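Asks: Chain order of the listed sequences is D and S.
For the first sequence, the residue numbers in numbering that gives the first Met the number 0 are 0 to 169.
For the second sequence, the residue numbers in numbering that gives the first Met the number 0 are 0 to 116.
Misleading hints may appear alongside valid ones.
What the hints assert, rightly or not - Example chain D residues on the side facing chain S (calculated, C-beta under 8 Å, incomplete): (1) Thr9; (2) Arg109; (3) Gly148.
Derived by calculation from the structure, the hints in this document are not laboratory data.
This structure is a prediction, so every number in the text was calculated from the model and none was measured.
Positions of the beta carbon are idealized from the N, C-alpha and C atoms, including for glycine.
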Amino acid sequence: MEKPWAVLDTSFWVVGHRVDVLTYLFRFFTVCVPEAVRAEVLAPDPRYPQRVYGYQELFRLLEAQGVLATRNPTQRVPRFHAGEAAALALARDEGWWLLLNEQRALTFARQHSIKAVTVPEFIVYLYDVQLLSARSTMAKLDGIAANTGQRVMQAARDAFAALAQRRAER
Amino acid sequence: MPRKTSIPKPVKRVTKSIRLTTEEADDLAQLVTGTAYAEAALLRQWVLVGMQQFRVVEAIRLYQDGHVDIHQAAARARLPVAILLDEMAARKVAILDQPDAFGPGLEALRGTFGTQP
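With the hints as extra help, turn the sequences into a complete structure.
Replies: What follows is the structure in structure tokens.
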């Protein structure tokens, strides 16, 4: 099966990197990035101009290997700023998946029937298809708990628990 | 022919004064004693660092209260979006908080790729 295309948003890249799930994306998707998202990910920290964050280094590495394609939409979604606007428009216009992890853009995506995936959903799916162990899945869910609301975390933990119970891993 | 060298114009500075208690002033003097720093230069540095920290805290507060979106918050914090997202993660600020943030994506993944490894 040819891999479906997925458009990456900055929020998924930054949070996904914190819990080390980004490299799994390429098993499922041909991942592309609008220029505006690329600029957001690689923008230096004005407080520490010499610093290179891990998510930036990984981005450059994968880009150099040719696994991150650059694609731009013909128009942007109004009301959103550069990166989100480009990612939403590209996913909507091309019918591609959207990888994002920020509420406002996610709500828009879901209202417009864009196939959007958040980091907690991707973590649980990786456990579902047995690419992650139960221990690793729990650690990754713990890793995103700090910036994921309680109701979302509860739903993610419940889905994980149900799967683990079915496999007698909990 | 000698090269012309342009001499940068000195940046105009404005004096702001603050009042410290005797104890605080003594503390400050002690901190500076024996270092290579001038008291005024250090105070200036601390004010600039404090201003930036305050910008970030305020931008995050406005985001949490729903007054600004992530990009507006980043602009207020004078940080790129990705850097602000990283700051938010470190400060335990939720960027996904509605029930729709978990479920539909997982079902779509299962529907497309299946549940078998």
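Asks: Please check whether Thr9 (chain D) passes as an interface residue: C-beta within 8 Å of a C-beta belonging to chain S.
Replies: 5 Å, holds
Asks: Given Gly148 (chain D) as an interface hint, is its Cβ closer than 8 Å to any Cβ of chain S?
Replies: 3 Å, holds
Asks: With a cut-off of 8 Å on the beta carbons, see whether Arg109 (chain D) makes it to chain S.
Replies: At about 5 Å, which falls below the 8 Å cut-off, the nearest Cβ of chain S leaves the hint on Arg109 (chain D) intact, so it holds.
Figure legend: structure checked against the earlier numbered hints; every hint is met.
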